[in-house]
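In the numbering used here, the protein residues as written are 1 to 598.
Careful: at least some of the hints might be erroneous.
EDC-like, lysine to aspartate or glutamate: derived pairs with alpha carbons at most 20 Å apart [what the hints assert, rightly or not]:
| no. | residue 1 | residue 2 |
| --- | --- | --- |
| 1 | Lys-121 | Glu-100 |
| 2 | Lys-518 | Asp-495 |
| 3 | Lys-97 | Asp-568 |
| 4 | Lys-293 | Asp-329 |
| 5 | Lys-557 | Asp-495 |
Just so you know, the hints here were simulated from the structure itself, not pulled from any lab data.
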Amino acid sequence: MTPTTLNELFFEATTRHAAQSHALSRRGPDGQWHRIDHATLRTRVQHVHAALREAGLAAGDRVAILSENRPEWAITDYACLAARCADVPVYPTLPAKQIEYILQDAGAKAIFVSNATQLAKVLEIRAELPELRLVVLFEAGDLPEGVTGFASFEAMGAAAAAKYPDWEREARTVMPDDLATLIYTSGTTGHPKGVMLTHGNITSNVVASLQVLDLRAGDSCLSFLPLSHIFERMVGHYTMLFAGASINYATAFDTVVKEMGEVRPTVMASVPRLYEKIYAAVTEKALNAGGAKRAIFEWARATSDKRLDYVLNGRAVPPGIRVASALADRLVFRKLRGIMGGNLRFCVSGGAPLNPDICRFFIGAGLPCLEGYGLTETSPVITVNRMASIKPGTVGHPIPGVEVRIAEDGEILCRGPNVMRGYWHQPEATAAVLDADGWFHTGDIGLIDADGCLRITDRKKDIIVTAGGKNIAPQPIEAMLKTNKFFTNAVMIGDKRRFPAMLLVPNFDALRHWAKVKGLPDLPPEELAAHPDAIDKLEREARKELRDLAQFETPKKFLVIPRDFTIDRGELTPKLSVRRRNVEENYRAQIEAMYADE
Numbered sequence: 001m002t003p004t005t006l007n008e009l010f011f012e013a014t015t016r017h018a019a020q021s022h023a024l025s026r027r028g029p030d031g032q033w034h035r036i037d038h039a040t041l042r043t044r045v046q047h048v049h050a051a052l053r054e055a056g057l058a059a060g061d062r063v064a065i066l067s068e069n070r071p072e073w074a075i076t077d078y079a080c081l082a083a084r085c086a087d088v089p090v091y092p093t094l095p096a097k098q099i100e101y102i103l104q105d106a107g108a109k110a111i112f113v114s115n116a117t118q119l120a121k122v123l124e125i126r127a128e129l130p131e132l133r134l135v136v137l138f139e140a141g142d143l144p145e146g147v148t149g150f151a152s153f154e155a156m157g158a159a160a161a162a163k164y165p166d167w168e169r170e171a172r173t174v175m176p177d178d179l180a181t182l183i184y185t186s187g188t189t190g191h192p193k194g195v196m197l198t199h200g201n202i203t204s205n206v207v208a209s210l211q212v213l214d215l216r217a218g219d220s221c222l223s224f225l226p227l228s229h230i231f232e233r234m235v236g237h238y239t240m241l242f243a244g245a246s247i248n249y250a251t252a253f254d255t256v257v258k259e260m261g262e263v264r265p266t267v268m269a270s271v272p273r274l275y276e277k278i279y280a281a282v283t284e285k286a287l288n289a290g291g292a293k294r295a296i297f298e299w300a301r302a303t304s305d306k307r308l309d310y311v312l313n314g315r316a317v318p319p320g321i322r323v324a325s326a327l328a329d330r331l332v333f334r335k336l337r338g339i340m341g342g343n344l345r346f347c348v349s350g351g352a353p354l355n356p357d358i359c360r361f362f363i364g365a366g367l368p369c370l371e372g373y374g375l376t377e378t379s380p381v382i383t384v385n386r387m388a389s390i391k392p393g394t395v396g397h398p399i400p401g402v403e404v405r406i407a408e409d410g411e412i413l414c415r416g417p418n419v420m421r422g423y424w425h426q427p428e429a430t431a432a433v434l435d436a437d438g439w440f441h442t443g444d445i446g447l448i449d450a451d452g453c454l455r456i457t458d459r460k461k462d463i464i465v466t467a468g469g470k471n472i473a474p475q476p477i478e479a480m481l482k483t484n485k486f487f488t489n490a491v492m493i494g495d496k497r498r499f500p501a502m503l504l505v506p507n508f509d510a511l512r513h514w515a516k517v518k519g520l521p522d523l524p525p526e527e528l529a530a531h532p533d534a535i536d537k538l539e540r541e542a543r544k545e546l547r548d549l550a551q552f553e554t555p556k557k558f559l560v561i562p563r564d565f566t567i568d569r570g571e572l573t574p575k576l577s578v579r580r581r582n583v584e585e586n587y588r589a590q591i592e593a594m595y596a597d598e
């Protein structure tokens, strides 16, 4: 059976994989991974569904989930869908006032929160949310008045489940065009918009993605991207469950590498940030080692590149390079695969552009990295690379059933069953991106190459137009710096100005190591970033990476930022995309001084 709704997907998956002992797992306070099998998952969803009905939630009501990734998130989601409610995932990193806006705009009648920290945010704003009548806390602990514990809520549902014997039949009455979820886009400016995704939108994306991604029963993944984000929810939640892969919830982003060694996943989905961090850590360690270790690493990487040139172009690898590659793998790349658990068959990257050199590095290390492309509004996958035809620097071909074309101004347009119904209560905003022929205007600029692969060149609104009328796409230029161990982040500026400039965020571990070798004093980040020798070093490293740019694209000046961008200061979205306008605003005084000095 091919499902057409998320409810059909859930019942089909839990029936088909009932014999498997591992659907979900999470590390407990005892340090052990505790598993939930498919039959138990189905029963617990039934009980929470009954509890929702007992609490008065009806079809069409909105139910918010404010939580880090955990089994209760999945159970609540499937129970809401079975009750024909629309759930509203909320990023746990958001402050109370932003959560208030989302809950008010969505008209949420219930909210499930993970812990005391998240509960405190809800209690702070509860007086402003007259429609919110149910608050459920996942973790055990003291319960303020008006808050229900998840364990007792689930127990109430278990006691009442017999009142709803036809729960599965009723859940299956959901139609593909029915609203499944409201996902609020983090956005780079202004208030977020509620993206209306239907059962058919997301389910069609799951079915199409499984036609091109080799996911199998018995696979396992480590879920660490927020389930509030459509990429993790579609790939690491619905698709993994339907394929029969076990889902293991990471404790935190900082524990991902450690827990990879414990879970030993066979597949992984992530935004580029993780791959960039692993790449930077591995290369920095090797290069700082010096001597023979550094020489072996650089030889192995060069050998891998030679082999890839043959493999990616469909040519036979010469015997000499095959032998050298096998030695490079044994000396270097096998260790990298071991760091990531040792069992990975492939990785998927999405949510932001992945530097082609980093993509090549992972492929060369025996970790095929399939970069894809999509947006919240497209459920999300539009295109993805295939194992048989990986092409670094592109996001691959459209998935089955999805059309892509390039508009006259270079904007990428998408049409298919995955395209959202529209923005919640915002018909004008919907009309601005969805045209009469059903084409969704992505806001991204790109091209389709001779092989039919889509290549993203920039965000339409991010294009920098200098005072001299030159158009500059900043994202590819910023990506050039992320392969350099001295940089954690970079943002290009220069719109309507005489020349482009670059804001640089140093990798302070690498910079401190360099400073120690140079005999500089051990300084805190703010002072090290302001030290003339450090600034000179960073500028030389940046100019080295950007030496092949056209003159009009080359940053004329650099501003070193003493700390990385954060969500709290509004410089990053919850999915870690840079909010350029906010970054510029936060450093406006330094930027204006830099241009005034010219």
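Going through the hints against the structure:
{"no.": "1", "hint": "Lys-121 x Glu-100", "in the structure": "holds, 9 Å"}
{"no.": "2", "hint": "Lys-518 x Asp-495", "in the structure": "violated, 37 Å"}
{"no.": "3", "hint": "Lys-97 x Asp-568", "in the structure": "holds, 12 Å"}
{"no.": "4", "hint": "Lys-293 x Asp-329", "in the structure": "holds, 14 Å"}
{"no.": "5", "hint": "Lys-557 x Asp-495", "in the structure": "holds, 14 Å"}
In summary, the one numbered hint that this structure violates is 2.
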